[in-house]
Amino acid sequence: MLEIKNLHAEIEADGREILRGLDLTVKAGEVHAIMGPNGAGKSTLSHVLAGKPGYRVTQGTATLDGVDILEMDPALRAANGLFLAFQYPVEIPGVGNMTFLKAALNSQRKARGEGEMSTPDFMRLVRTEAGKLKITQDMLKRPVNVGFSGGEKKRNEILQMAILQPKLCILDETDSGLDIDALKVVSEGVNALRSPDRAFVVITHYQRLLDHIRPDVVHVLSKGRIVKTGGPDLALELEAKGYADFADEAA
Amino acid sequence: MAAVKETVDQVRAIDVDQYKYGFESAIESDMAPKGLSEDIVRFISAKKNEPEWMLEWRLDAYRRWLTMEEPTWARVHYPPIDFQDLYYYAAPKSTAGPKSLDEVDPELIRVYEKLGIPLKEQAVLAGVEGARIAVDAVFDSVSVVTTFREELAKVGIIFCSISEAMREYPDLVKKYLGTVVPTSDNYYATLNSAVFSDGSFVWIPEGVRCPMELSTYFRINEKKTGQFERTLIIAEKGSYVSYLEGCTAPQRDENQLHAAVVELVAMEDAEIKYSTVQNWYPGDKDGRGGIYNFVTKRGDCRGDRSKISWTQVETGSAITWKYPSCILRGDGSQGEFYSIAVSNGHQQVDSGTKMIHLGKNTASRIISKGISAGKSQNTYRGQVKINRKADGARSFTNCDSLLIGHDCGAHTVPYIESGNPKAKVEHEATTSKISDDQLFYCISRGLPTEEAVALIVNGFVREVLQQLPMEFAVEAQKLIGVSLEGSVG
Ligand SMILES: Nc1ncnc2c1ncn2[C@@H]1O[C@H](COP(=O)(O)OP(=O)(O)O)[C@@H](O)[C@H]1O
Ligand SMILES: [Mg+2]
Numbered sequence: 001m002l003e004i005k006n007l008h009a010e011i012e013a014d015g016r017e018i019l020r021g022l023d024l025t026v027k028a029g030e031v032h033a034i035m036g037p038n039g040a041g042k043s044t045l046s047h048v049l050a051g052k053p054g055y056r057v058t059q060g061t062a063t064l065d066g067v068d069i070l071e072m073d074p075a076l077r078a079a080n081g082l083f084l085a086f087q088y089p090v091e092i093p094g095v096g097n098m099t100f101l102k103a104a105l106n107s108q109r110k111a112r113g114e115g116e117m118s119t120p121d122f123m124r125l126v127r128t129e130a131g132k133l134k135i136t137q138d139m140l141k142r143p144v145n146v147g148f149s150g151g152e153k154k155r156n157e158i159l160q161m162a163i164l165q166p167k168l169c170i171l172d173e174t175d176s177g178l179d180i181d182a183l184k185v186v187s188e189g190v191n192a193l194r195s196p197d198r199a200f201v202v203i204t205h206y207q208r209l210l211d212h213i214r215p216d217v218v219h220v221l222s223k224g225r226i227v228k229t230g231g232p233d234l235a236l237e238l239e240a241k242g243y244a245d246f247a248d249e250a251a
Numbered sequence: 001m002a003a004v005k006e007t008v009d010q011v012r013a014i015d016v017d018q019y020k021y022g023f024e025s026a027i028e029s030d031m032a033p034k035g036l037s038e039d040i041v042r043f044i045s046a047k048k049n050e051p052e053w054m055l056e057w058r059l060d061a062y063r064r065w066l067t068m069e070e071p072t073w074a075r076v077h078y079p080p081i082d083f084q085d086l087y088y089y090a091a092p093k094s095t096a097g098p099k100s101l102d103e104v105d106p107e108l109i110r111v112y113e114k115l116g117i118p119l120k121e122q123a124v125l126a127g128v129e130g131a132r133i134a135v136d137a138v139f140d141s142v143s144v145v146t147t148f149r150e151e152l153a154k155v156g157i158i159f160c161s162i163s164e165a166m167r168e169y170p171d172l173v174k175k176y177l178g179t180v181v182p183t184s185d186n187y188y189a190t191l192n193s194a195v196f197s198d199g200s201f202v203w204i205p206e207g208v209r210c211p212m213e214l215s216t217y218f219r220i221n222e223k224k225t226g227q228f229e230r231t232l233i234i235a236e237k238g239s240y241v242s243y244l245e246g247c248t249a250p251q252r253d254e255n256q257l258h259a260a261v262v263e264l265v266a267m268e269d270a271e272i273k274y275s276t277v278q279n280w281y282p283g284d285k286d287g288r289g290g291i292y293n294f295v296t297k298r299g300d301c302r303g304d305r306s307k308i309s310w311t312q313v314e315t316g317s318a319i320t321w322k323y324p325s326c327i328l329r330g331d332g333s334q335g336e337f338y339s340i341a342v343s344n345g346h347q348q349v350d351s352g353t354k355m356i357h358l359g360k361n362t363a364s365r366i367i368s369k370g371i372s373a374g375k376s377q378n379t380y381r382g383q384v385k386i387n388r389k390a391d392g393a394r395s396f397t398n399c400d401s402l403l404i405g406h407d408c409g410a411h412t413v414p415y416i417e418s419g420n421p422k423a424k425v426e427h428e429a430t431t432s433k434i435s436d437d438q439l440f441y442c443i444s445r446g447l448p449t450e451e452a453v454a455l456i457v458n459g460f461v462r463e464v465l466q467q468l469p470m471e472f473a474v475e476a477q478k479l480i481g482v483s484l485e486g487s488v489g
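Protein chains in written order, with the working numbering: chain A, 1 to 251; chain B, 1 to 489.
Simulated from the structure, these hints should not be mistaken for laboratory data.
Misleading hints may appear alongside valid ones.
Which bits of chain A does chain B cover? Going by a derived footprint, with three or more residues having C-beta under 8 Å, they are [to be verified]: (1) 42-52; (2) 94-104.
Stretch-level coverage of chain B by chain A, calculated; a stretch enters the list once three of its residues show a Cβ under 8 Å from a Cβ in chain A [as the list claims (entries may be wrong)]: (3) 430-443; (4) 453-459.
Given the structure is predicted, the values throughout are model-derived calculations rather than measurements.
Think of the CB as a built atom: it goes at the ideal place given N, C-alpha and C, for glycine as much as any other residue.
Model the full assembly from the supplied sequences, consistent with the hints where possible.
Here's what the structure looks like:
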């Protein structure tokens with residue numbers, strides 16, 4: 001599904017290289033965890049894949065179902081099934097959460113040549129999915145992320161994911177700032193979306209999220225490259241030993 | 001969000017030219033000779049069969065105007081206006097005065113249809129959710145038709161052109177005209193008093209709640225023609241009216257002058273809600289052409305517990321100079337000003353309000369949202385004045401500016417004068433930019449850039465949009481999207 005080969009990317013403003021020859025292959029139906037020390041380039045990877053301005057790709061490729069995404073307009077990447085749950089979801093004052101969701105969904109449908117979803121169908125879908133994530137009616141009416149607690153923002157990201165039904169979901173530190181109950185709700189939300197034709201890249205600093213979302217593959221990202229790949233046990237090992245080894249290895 | 005979608009579709013359809021009302025109609029006009037003089041004032045008055053006192057009133061204003069100087073304090077720049085190079089009166093030949101719809105030139109009706117203003121009463125009745133809006137259609141210098149008059153007359157409401165009111169209800173006009181905006185008020189208001197051609201007159205009798213929205217739709221069509229309209233709305237004791245005003249003009253290289261005066265009078269316990277969607281031609285992308293919009297709008301809360309609320313969405317005009325104000329004379333009276341001012345290209349906006357607290361326990365509320373893009377300059381200028389005797393007066397201002405791009409400017413100029421130490425005056429102001437993070441967040445969810453901008457901007461102005469009547473709010477939302485087309489590269 002996702003195939004990244006020798007990806008190099010730098011910060012546009014100062015030319016500092018952050019991703020330095022990163023390789024990653026994720027197959028449909030799989031959940032991959034990416035772990036690594038702070039500043040390793042985890043968020044940068046997610047931003048480059050989603051098309052956030054401010055980065056320059058200097059080498060390498062990234063394809064989604066065989067289609068090169070790095071040249072694609074970010075809105076089109078979304079319509080093609082890429083979704084990034086942000087580490088820091090942004091507030092949009094005055095724009096109702098529901099309004100936002102509907103605008104996003106219909107934009108994507110339009111880009112794919114599908115018709116708009118009818119309002120009753122949309123309402124039904126939102127109500128069902130919001131219920132699963134314990135998102136209240138009030139949160140749906142409030143402006144996007146405005147005044148939401150950390151946990152509410154993260155649940156809201158998962159709600160968007162559930163509504164937009166992407167092929168590839170990238171979750172950037174979705175667990176940060178969550179208490180244990182919120183973590184459970186979010187994980188259940190993610191697990192409910194697992195399916196044979198959908199893949200997940202779960203970026204996290206800590207093992208505890210992976211107790212709830214069981215990964216098929218665990219990678220360690222350090223200094224802009226994948227330096228080690230293993231099974232779920234690798235996460236436990238990292239939890240015990242920390243990232244010190246890898247920081248050294250890559251240095 | 002359907003409205004945003006429509007906005008974008010509309011934007012796409014427009015291609016290079018964003019202004020969709022820029023067409024010109026081939027309608028033969030009866031014009032006054034070019035230029036301004038006492039004779040022209042007499043000409044206009046004669047055209048309208050005005051009573052002698054009215055002519056005297058105009059001539060008095062004209063003589064005062066000759067002694068006045070054009071104001072220069074606003075943050076707007078334009079070459080001097082040659083007042084002798086303008087036509088002060090243009091009327092479609094086919095229309096001698098307002099008459100019934102059957103007699104109106106079908107060509108004129110088509111013009112308004114093209115503008116989306118249905119003049120046929122049945123068409124309105126069949127409209128969205130049974131919404132009914134009575135329309136006074138002003139074309140260049142004259143009112144061509146006023147709809148729903150008979151139905152309104154049944155509850156005693158007078159809704160007609162001001163020319164007609166002068167002939168039919170001279171006592172009412174004489175009693176109120178110029179009592180809110182005196183003839184000598186300011187340069188443009190005085191000019192308007194001398195040469196005003198048409199506009200609407202509304203009188204709501206005591207205790208009557210107007211059963212539908214009233215509206216006036218202004219259209220400038222002729223070249224080199226100034227439009228000087230005059231509107232007078234009186235709400236007697238305990239009455240209520242909601243009034244809407246819309247305006248457009250053809251696209252031309254030259255600048256055209258629009259200097260209107262609007263006077264509102266609210267008696268005891270009466271309420272007037274006045275909404276404007278101003279969409280005069282703003283000029284082209286290089287700043288050529290466009291309307292100079294110099295407008296004096298003022299409401300007098302004359303009676304105790306009366307209320308006047310101004311809501312404006314300003315997207316058009318090359319230059320906007322406009323400060324809808326409230327004189328809070330009655331005890332416990334309330335004034336409100338809700339404004340969205342969008343500027344793009346080379347537009348210059350200097351707009352705001354004045355709230356003059358005279359009575360006890362008077363309250364004012366000002367919510368202003370300025371959005372600047374392109375190379376435009378957008379100034380909020382607001383005055384809150386509390387009289388010494390206005391015990392218990394309170395005023396709240398919230399003034400937010402949003403910048404899109406790097407070449408535009410937003411300015412806030414508040415004047416606060418409190419002569420009463422116990423009065424409570426609050427003022428909040430913010431200036432922000434659409435952040436790259438906000439924009440990317442929307443785009444990453446699949447929204448194309450221009451839709452993302454429209455969505456964020458609509459969020460920014462929501463508080464004000466909510467003040468508009470439903471149909472107008474949707475229209476205004478679209479308009480804002482269209483006005484900002486091309487503002488993010
Ligand atoms: N937009 C940016 N501008 C400047 N520096 C950035 C930007 N994005 C990331 N960086 C830098 O790139 C490095 C990697 O950051 P990041 O990808 O956020 O790491 P991680 O998510 O693994 O903690 C850090 O040194 C960070 O400061
Ligand atoms: Mg990070």
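Here is what the structure says about each hint:
1. Counting residues of the region 42-52 of chain A whose beta carbon lies closer than 8 Å to any beta carbon of chain B gives 3, which meets the minimum of three for the stated coverage.
2. Only when three residues or more bring their CB closer than 8 Å to a CB of chain B does the claim for the region 94-104 of chain A stand; here the count is 7, and the claim holds.
3. For the region 430-443 of chain B, the assignment as covered by chain A holds, since 8 residues bring a beta-carbon within under 8 Å of that chain's beta-carbons and 3 suffice.
4. Counting residues of the region 453-459 of chain B whose C-beta lies closer than 8 Å to any C-beta of chain A gives 4; at least three are required, and the coverage claim holds.
Figure legend: structure checked against the earlier numbered hints; every hint is met.
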